[in-house]
Each structure stands twice: as C-alpha cells, then as structure tokens.
Amino acid sequence: MKNKNPLEVCLRDSLEQYLIDLNGMDPTNMYDMVIHRIELPLLQVTMELAQNNQSRAAVMLGLTRNTLRKKLIAHKLLNNS
1 MKNKNPLEVC
11 LRDSLEQYLI
21 DLNGMDPTNM
31 YDMVIHRIEL
41 PLLQVTMELA
51 QNNQSRAAVM
61 LGLTRNTLRK
71 KLIAHKLLNN
81 S
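Position one of the sequence shown corresponds to residue 1 (the working numbering), numbered consecutively onward.
Derived by calculation from the structure, the hints in this document are not laboratory data. No residue lacks a Cβ here, since even glycine has one placed at the ideal position from N, Cα and C. Among these hints, one or two may not hold up.
[What the hints assert, rightly or not] DEER-style ranges, computed between Cβ atoms:
id, residue 1, residue 2, range
1, 33, 9, 12 to 22 angstroms
2, 46, 6, 17 to 27 angstroms
3, 38, 66, 34 to 44 angstroms
4, 24, 67, 32 to 42 angstroms
5, 6, 62, 16 to 26 angstroms
6, 46, 14, 14 to 24 angstroms
7, 11, 48, 14 to 24 angstroms
8, 66, 13, 29 to 39 angstroms
9, 27, 76, 23 to 33 angstroms
10, 24, 49, 36 to 46 angstroms
11, 23, 54, 38 to 48 angstroms
Work the whole structure out from these sequences, hints included.
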C-alpha cells in the first residue's frame, strides 16, 4: 500500500500490538473499544481547537451539538449538569 496515512499506520500498529498482547486469546468488542479509544483524543483535541465552544467543535466534527454533548458527557469531558 502506497501513501499510507500516518494515522492509519499508527492505528494498525497499535491494533497488531493489542492482538499480540492478547497472547492467542480471541478479542471481544474490538469495534467499540477502538471507537471509544479514538473518540476521546479526537474530542479533546477538537474541543481545545474550538476553545471549548461546543457549537464550533460540533461543526468541525460534522456532528450535531446534541450528539457532541452526549459524547463529551460519555467521556467525562463535560459534567451532566
């Protein structure tokens, strides 16, 4: 594969190491685990870039503000009040 995206290479390397670390055991819930682990830094970086403006961050991410808010709460980046 030519012109690999560095993010894809990093993710692939991390997944391969994860599977090695399982020592032959079958993984479970890999999809949810990967999405959750990727989503946290994505939200953190985007919120920093948007200076904690949820409306601006939602536009950057292509999400509704409501969806972003739910994700921020789920990742404990925003309290539920």
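Given the range 16 to 26 angstroms, decide if the beta-carbon distance of residue 6 to residue 62 lies inside it. 21 angstroms, holds
Between residue 24 and residue 67, does the beta-carbon spacing fit 32 to 42 angstroms? Once the Cβ atoms are compared, 38 angstroms apart, the range 32 to 42 angstroms for residue 67 and residue 24 holds.
Can the suggested window of 17 to 27 angstroms be confirmed for the beta-carbon pair residue 46 and residue 6? For residue 6 against residue 46, whose Cβ atoms are near 18 angstroms apart, the range 17 to 27 angstroms holds.
Indicate whether the distance between the beta carbons of residue 66 and residue 13 respects the range 29 to 39 angstroms. Check passed, 35 angstroms falls within 29 to 39 angstroms.
Does 34 to 44 angstroms hold as the CB distance between residue 38 and residue 66, or does it fail? At 21 angstroms between Cβs, range violated.
Distance restraint evaluation - residue 33, residue 9, Cβ atoms, bounds 12 to 22 angstroms: 19 angstroms, holds
Given a hint of 14 to 24 angstroms, does the C-beta separation of residue 11 and residue 48 actually sit inside it? Because 21 angstroms falls inside the window, the suggested range holds.
Given the range 36 to 46 angstroms, decide if the beta-carbon distance of residue 24 to residue 49 lies inside it. Cβ of residue 24 to Cβ of residue 49: about 41 angstroms, so the range 36 to 46 angstroms holds.
Status of the given 38 to 48 angstroms range, CB of residue 54 versus CB of residue 23: 42 angstroms, holds
Per the hint of 23 to 33 angstroms, is the separation of the Cβ atoms of residue 27 and residue 76 within bounds? At 25 angstroms between Cβs, range holds.
Cβ-Cβ distance between residue 46 and residue 14: within 14 to 24 angstroms? 20 angstroms, holds
Consistency with the previously given hints fails for number 3 only.
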